[in-house]
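**Q** Work out the full structure: start from the sequences and follow the hints.
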Amino acid sequence: MPELRRVAVNGVELNVALAGSGPPVLLLHGFPHTWEVWTDVMADLSDRYRVIAPDLRGFGASSPAVSGYDAGTLAEDAAALLSELGVSSVSVAGIDAGAPAALLLALRHPGLVRRLVVMEAVLGGLPGAEDFLADGPPWWFGFHTAAPGLAETVLEGNEAAYVDWFLHTGTLGDGAPRAIRDAFVRAYTGSGALSRAFSYYRALPESALQIGQAVATTRLTMPTMAVGAQPVGSALERQLRPIADDFTGHVIKECGHIIPLHRPHALLALLEPFLAGPAGLARRA
Numbered sequence: 001m002p003e004l005r006r007v008a009v010n011g012v013e014l015n016v017a018l019a020g021s022g023p024p025v026l027l028l029h030g031f032p033h034t035w036e037v038w039t040d041v042m043a044d045l046s047d048r049y050r051v052i053a054p055d056l057r058g059f060g061a062s063s064p065a066v067s068g069y070d071a072g073t074l075a076e077d078a079a080a081l082l083s084e085l086g087v088s089s090v091s092v093a094g095i096d097a098g099a100p101a102a103l104l105l106a107l108r109h110p111g112l113v114r115r116l117v118v119m120e121a122v123l124g125g126l127p128g129a130e131d132f133l134a135d136g137p138p139w140w141f142g143f144h145t146a147a148p149g150l151a152e153t154v155l156e157g158n159e160a161a162y163v164d165w166f167l168h169t170g171t172l173g174d175g176a177p178r179a180i181r182d183a184f185v186r187a188y189t190g191s192g193a194l195s196r197a198f199s200y201y202r203a204l205p206e207s208a209l210q211i212g213q214a215v216a217t218t219r220l221t222m223p224t225m226a227v228g229a230q231p232v233g234s235a236l237e238r239q240l241r242p243i244a245d246d247f248t249g250h251v252i253k254e255c256g257h258i259i260p261l262h263r264p265h266a267l268l269a270l271l272e273p274f275l276a277g278p279a280g281l282a283r284r285a
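Heads up: the sequence shown at position 61 corresponds to 61 in the numbering used here, and the numbers run straight through without jumps.
Quick caveat, the hints were computed from the structure, so don't treat them as lab data. Here the structure is a predicted model, which is why all the values come from computation and not from measurement. Idealized CB from N, CA, C, for every residue including glycine. Be aware that a few hints might be false.
[Stated by the list, open to error] Straight-line alpha carbon distances no greater than 25 Å define the calculated SDA-like cross-link-like pairs of lysine to any residue that follow:
id: 1; residue 1: 253; residue 2: 129
id: 2; residue 1: 253; residue 2: 134
id: 3; residue 1: 253; residue 2: 169
id: 4; residue 1: 253; residue 2: 165
id: 5; residue 1: 253; residue 2: 136
id: 6; residue 1: 253; residue 2: 44
id: 7; residue 1: 253; residue 2: 87
id: 8; residue 1: 253; residue 2: 177
id: 9; residue 1: 253; residue 2: 181
id: 10; residue 1: 253; residue 2: 269
id: 11; residue 1: 253; residue 2: 80
id: 12; residue 1: 253; residue 2: 221
id: 13; residue 1: 253; residue 2: 131
id: 14; residue 1: 253; residue 2: 164
id: 15; residue 1: 253; residue 2: 168
id: 16; residue 1: 253; residue 2: 153
id: 17; residue 1: 253; residue 2: 234
id: 18; residue 1: 253; residue 2: 272
id: 19; residue 1: 253; residue 2: 231
id: 20; residue 1: 253; residue 2: 86
[What the hints assert, rightly or not] Derived CB-CB ranges, DEER-like:
id: 21; residue 1: 209; residue 2: 245; range: 20 to 30 Å
id: 22; residue 1: 269; residue 2: 148; range: 35 to 45 Å
id: 23; residue 1: 137; residue 2: 192; range: 21 to 31 Å
id: 24; residue 1: 5; residue 2: 109; range: 31 to 41 Å
id: 25; residue 1: 158; residue 2: 205; range: 40 to 50 Å
id: 26; residue 1: 5; residue 2: 48; range: 19 to 29 Å
id: 27; residue 1: 157; residue 2: 218; range: 26 to 36 Å
id: 28; residue 1: 130; residue 2: 47; range: 39 to 49 Å
id: 29; residue 1: 8; residue 2: 202; range: 40 to 50 Å
id: 30; residue 1: 148; residue 2: 1; range: 33 to 43 Å
id: 31; residue 1: 149; residue 2: 273; range: 40 to 50 Å
id: 32; residue 1: 109; residue 2: 147; range: 29 to 39 Å
id: 33; residue 1: 148; residue 2: 84; range: 27 to 37 Å
id: 34; residue 1: 84; residue 2: 218; range: 22 to 32 Å
**A** Dropping the structure here:
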């Protein structure tokens, strides 16, 4: 079992799962996840790596925060966490809500991020996802952001059903092991927890502006890999390839959105050789 530690950064306390020893790897989760989304991935990687998997600001067992759900603040939370843990070089993987934070961490701190992996996200501020968004973003983006407090009011008392919908229909998956599913439900139960989760969506315009500003002056110089599944597919690859010097893209077939839960072994088959390679020599695809 990973060690759980509370680490104070940027005015909040992050709940952080730590496992293994070796070169550090930082894993950033999305919605509606906690660090437990990485359970199978951590179990494998911890044989060779020091794996660091926080609950993001305001999520899971990390302390509540009234603000700071934009990708830039989440990236700085990650940088401060790594500093507190004494990490000066790290490989970073982010999925869904964790992907914009992982990207900005790499763009703003290129000397810190050795390798970058981003999964199943569409990044505001970058072209390339027009086909994916041709019919508009998924409906829950609007529901989470349309009117302050509405989504929380509607969902309070029905959080388990909402999380289960995302674990099955909403993310084209096949659920999650009971213990992980229950951890997600606990993390998103109550109007406060829901409001903090939806604050990420409400900060998307700010996050898009931050990404656009960053890529206007900076490229991804470290080896970078985009991993898609269903429904994002190759959209993230199309967004990142033009701004990365050393890029690899993959789409995992017959896999739902929450890749670490649905196809952890297929993901590990991509992660392990990528993480093991020397900086700057990722295979181009």
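**Q** Work down the list of hints and note, for each, if the structure agrees.
**A** Quick rundown of the hints versus the structure:
Taking the CA atoms of residue 253 and residue 129, the gap is near 19 Å; set against the 25 Å cutoff, the hint holds. Proposed proximity of residue 253 and residue 134 is supported: the alpha carbons are some 22 Å apart, at most 25 Å. Between the alpha carbons of residue 253 and residue 169 the distance comes to roughly 17 Å, so the proposed pair stays at or under 25 Å and holds. Distance check on the hinted pair: residue 253 and residue 165 sit about 21 Å apart at the alpha-carbon level, within 25 Å; holds.
At roughly 24 Å between alpha-carbon atoms, residue 253 and residue 136 fall within 25 Å of each other, so this suggested pair holds. Restraint check: the Cα-Cα separation between residue 253 and residue 44 comes to about 21 Å, which is no more than 25 Å; the hinted pair holds. At most 25 Å may separate the alpha-carbon atoms for a hinted pair to count; residue 253 and residue 87 exceed this at roughly 34 Å. As the CA atoms of residue 253 and residue 177 are separated by approximately 21 Å, the hinted pair is consistent with the 25 Å bound.
In summary, the hint linking residue 253 to residue 181 is supported, as the alpha carbons are separated by about 23 Å, within the 25 Å threshold. At most 25 Å may separate the alpha-carbon atoms for a hinted pair to count; residue 253 and residue 269 meet this at roughly 13 Å. Of the pairs offered as hints, the one joining residue 253 and residue 80 is violated, with about 36 Å between alpha carbons and a cut-off of 25 Å exceeded. Our distance criterion of 25 Å between C-alpha atoms is broken by residue 253 and residue 221, whose separation comes to about 28 Å.
Distance hint between residue 253 and residue 131 is fulfilled; the C-alpha atoms sit about 19 Å from each other, no more than 25 Å. Distance restraint check for residue 253 and residue 164: the Cα-Cα separation of roughly 23 Å lies within the 25 Å cut-off, and the hinted pair is therefore satisfied. Of the pairs offered as hints, the one joining residue 253 and residue 168 holds, with about 17 Å between alpha carbons and a cut-off of 25 Å not exceeded. About 37 Å separates the Cα atoms of residue 253 and residue 153, which puts this hinted pair outside 25 Å; it is violated.
Restraint check for residue 253 and residue 234: satisfied, since their Cα atoms lie roughly 11 Å apart, inside the 25 Å limit. Between the alpha carbons of residue 253 and residue 272 the distance comes to roughly 18 Å, so the proposed pair stays at or under 25 Å and holds. Proximity of residue 253 to residue 231 is assessed by CA-CA distance (about 11 Å); at most 25 Å being required, the pair is judged to hold. A distance of roughly 38 Å separates the Cα atoms of residue 253 and residue 86; the hinted pair therefore is violated under the 25 Å criterion.
Distance hint check: the CB atoms of residue 209 and residue 245 are about 24 Å apart, consistent with the given range 20 to 30 Å. In this structure the hint that residue 269 and residue 148 lie 35 to 45 Å apart at CB holds, the actual value being about 43 Å. Under the hint 21 to 31 Å, the C-beta atoms of residue 137 and residue 192, about 25 Å apart, fit the expected range. Hint check: residue 5 to residue 109, Cβ distance near 22 Å, so the stated range 31 to 41 Å is violated.
The given range of 40 to 50 Å is broken by residue 158 and residue 205, whose C-beta atoms sit roughly 28 Å from each other. Evaluation of the 19 to 29 Å hint for residue 5 and residue 48 yields a pass: the beta carbon distance comes to about 21 Å. At roughly 45 Å, the beta carbons of residue 157 and residue 218 sit outside the given window of 26 to 36 Å. Distance hint check for residue 130 and residue 47: the Cβ-Cβ separation is about 41 Å, which falls inside the suggested range of 39 to 49 Å.
Taking the beta carbon of each, residue 8 and residue 202 are about 25 Å apart, not inside 40 to 50 Å as hinted. Range check, residue 148 to residue 1: about 39 Å between beta-carbon atoms, so the 33 to 43 Å window is met. Checking the proposed 40 to 50 Å range against residue 149 and residue 273 shows it holds: the Cβ atoms sit about 46 Å from each other. Look at residue 109 against residue 147: about 36 Å separates their beta carbons, and that is inside 29 to 39 Å.
For residue 148 paired with residue 84, a C-beta distance near 33 Å keeps the hint of 27 to 37 Å intact. At roughly 25 Å, the beta carbons of residue 84 and residue 218 sit within the given window of 22 to 32 Å.
The structure shown violates the earlier hints numbered 7, 11, 12, 16, 20, 24, 25, 27 and 29.
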